[in-house]
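K.L.:
Quick mapping for you: the protein sequence lines, in order, are chains Y and E. So for the first sequence, the working numbering puts the first residue at 1; every next one is plus one. So for the second sequence, the working numbering puts the first residue at 205; every next one is plus one.
Treat the hints as calculated values from the structure; they're not laboratory data. Note that the structure is a prediction, hence the values are computed from the model and not measured. We put the CB at the ideal spot given by N, CA and C, even for glycine. Where hints are given, some of them may not hold.
[To be verified] To give a feel for the contact side, a few chain E residues facing chain Y, derived at Cβ under 7 Å:
| hint | residue |
| --- | --- |
| 1 | 269 |
| 2 | 270 |
| 3 | 272 |
| 4 | 276 |
| 5 | 280 |
| 6 | 283 |
| 7 | 287 |
| 8 | 290 |
| 9 | 292 |
| 10 | 295 |
| 11 | 356 |
| 12 | 358 |
| 13 | 361 |
[What the hints assert, rightly or not] Cβ pair distances, simulated, as ranges:
| hint | chain 1 | residue 1 | chain 2 | residue 2 | range |
| --- | --- | --- | --- | --- | --- |
| 14 | Y | 44 | E | 330 | 33 to 43 Å |
| 15 | Y | 156 | E | 366 | 29 to 39 Å |
| 16 | Y | 156 | E | 264 | 42 to 52 Å |
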Amino acid sequence: MTPRRRSLATAVLVTLIGTGVLWWGTDGFNAFTAESARRYAVRTDPPVVPVVLLQDQDGRHFTLQDLHGRLVAVEFIYVNCPTVCVALGQAFQRLRDALPAERLGYDVVLLSISFDPRRDRPQRLADYARRYAADGMAWRVARVADEAELALLLQTFGIVVIPDGFGGFEHNAALHLVDRDGRLVRIDDYDRPLAFAAQVRARL
Amino acid sequence: MTVRHVDPRAAVPLAAYALLATPPLRALLETAMTTHMLVQLPLLAALGAYMAGRLPATLRRRLDGCNAGGLPFMLLALFASAYWMLPRALDGALNHGYLELAKFISLPLLVGAPLALSWRRLSVIARGFLWSKLLSMLVVLGWLYSVAPTRVCTNYLVDQQVLLGRSQLMLALLLGLWLAGRLFFGGRPAGVPDPGGTWSRHSWARAPRNNTEQSNG
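Just chain Y, same shape as in the assembly (with noise of 0.2 Å):
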């Protein structure tokens, strides 16, 4: 072959093979972050959410799988957020009152679940739900009751975590939909929550 033709040759290899290694790193040219790519697997490929003890504001210790058969809207905060987990409240408020209140606690039930287990105990997380009303039965706000299990339900869920230094965190935010076989099989940003009640409605 001549030295021309070897470049050509050359030249269609590395634009096929690279084409072929951007689009398997990115889905298919789905998803260019780390946060597009989570949501883009939970929708092809449900995980299962695995079985992690958890506590609420009342005491009451339960597992997500307790919740079997009914259709679980996840978000993740810490009591002392002031930045985000503000408007995730808010969206799960928006959340609650989109949804018929006849199902809500019965068919659908909102989980906001710390990841600040150490701060978090019953009592703050009290305050969080008083906050926003946040009943207890439709509305869960637990925590992790073992810590050693936190780090499975954040891989699980796609959740990281960094302190920022100030005692806070960042964390990415989103509306997580857990369906009535445990599976975790979509993930929202937080800031149209009434999209994310038509997909829960959709599945009631």
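Fit chain E to the supplied structure of chain Y, relying on the hints for placement.
P.N.:
This is chain E only, laid out in the frame that chain Y set:
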């Protein structure tokens, strides 16, 4: 880069590579988004570029044989660097060992080295294209990162992202000034062919003897 053929002077870049790959320096550079993107990644590519200048002549000739006009290898460097520009690739390297390994292998081998092998073979237009692409990329990403309300990397705080954005804008400004300065002082007028003059004096890959000068990438 087989061990038998390595020039004794290659010991320094190899040591630098080893240093970059060991936990203390690696962790230090990866704690901040800015040093990860603007120090670690370019250094890895620069090491590859430096080593490309030390390739044995036979291998070099064989590689040149499928790199007409420098275009195929430039394409390779563009694709490989495009991958590492993806925010999730950065997250991936931090979260998964195999992607971190891929980063340490691909940046020298698939970005730095091919760019160095291509640079002197590229036409003035192709080099101008690369410079303008680099500049525009820095400005666009810098602007995006300094104003984006959400984090593109789940492993980094939003203020680090802002810092990276501002650093990129600053870098683009300095690079632009330097390019303009070269044009006005001591450079040749734009558009005039450059038979081994100013533009190639600053190339990454040179004959081994003269390779002590700083690269400008």
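K.L.:
None of the hints should be skipped; say for each whether it holds.
P.N.:
Here is how each hint holds up against the structure:
Taking 7 Å as the C-beta contact cut-off toward chain Y, the hint placing residue 269 (chain E) at the interface holds, the least distance being around 5 Å. Annotation: residue 270 (chain E) was flagged as interfacial toward chain Y, and the flag holds, the nearest CB pair being 4 Å apart, inside 7 Å. Evaluation of the residue 272 (chain E) hint against chain Y yields a held restraint, the C-beta minimum of about 4 Å falling below 7 Å. Proximity of residue 276 (chain E) to chain Y holds as hinted, the smallest CB-CB distance being about 4 Å (cut-off 7 Å).
For the restraint placing residue 280 (chain E) at the interface with chain Y, the shortest Cβ-Cβ distance is roughly 5 Å, inside the 7 Å limit, so the hint holds. Here the hint on residue 283 (chain E) is kept, as its CB sits about 3 Å from the closest CB of chain Y, short of 7 Å. Checking residue 287 (chain E) against chain Y: minimum C-beta separation of about 6 Å stays under 7 Å; hint holds. Look at residue 290 (chain E): its Cβ gets to within about 6 Å of chain Y, closer than 7 Å, so that hint holds up.
Hint on residue 292 (chain E) holds. Least Cβ distance to chain Y is approximately 4 Å, under the 7 Å limit. At about 4 Å, the closest approach between the beta carbon of residue 295 (chain E) and any beta carbon in chain Y falls short of 7 Å, and the interface hint on this residue holds. Restraint check, residue 356 (chain E) versus chain Y: the minimum CB separation of about 5 Å is within 7 Å; hint holds. Annotation: interface hint on residue 358 (chain E) holds; nearest CB of chain Y at approximately 4 Å, less than 7 Å.
Hint on residue 361 (chain E) holds. Least Cβ distance to chain Y is approximately 5 Å, under the 7 Å limit. In this structure the hint that residue 44 (chain Y) and residue 330 (chain E) lie 33 to 43 Å apart at CB holds, the actual value being about 40 Å. Under the hint 29 to 39 Å, the C-beta atoms of residue 156 (chain Y) and residue 366 (chain E), about 30 Å apart, fit the expected range. In this structure the supplied range 42 to 52 Å holds for residue 156 (chain Y) paired with residue 264 (chain E), their Cβ-Cβ distance being about 50 Å.
In this structure, every one of the numbered hints holds.
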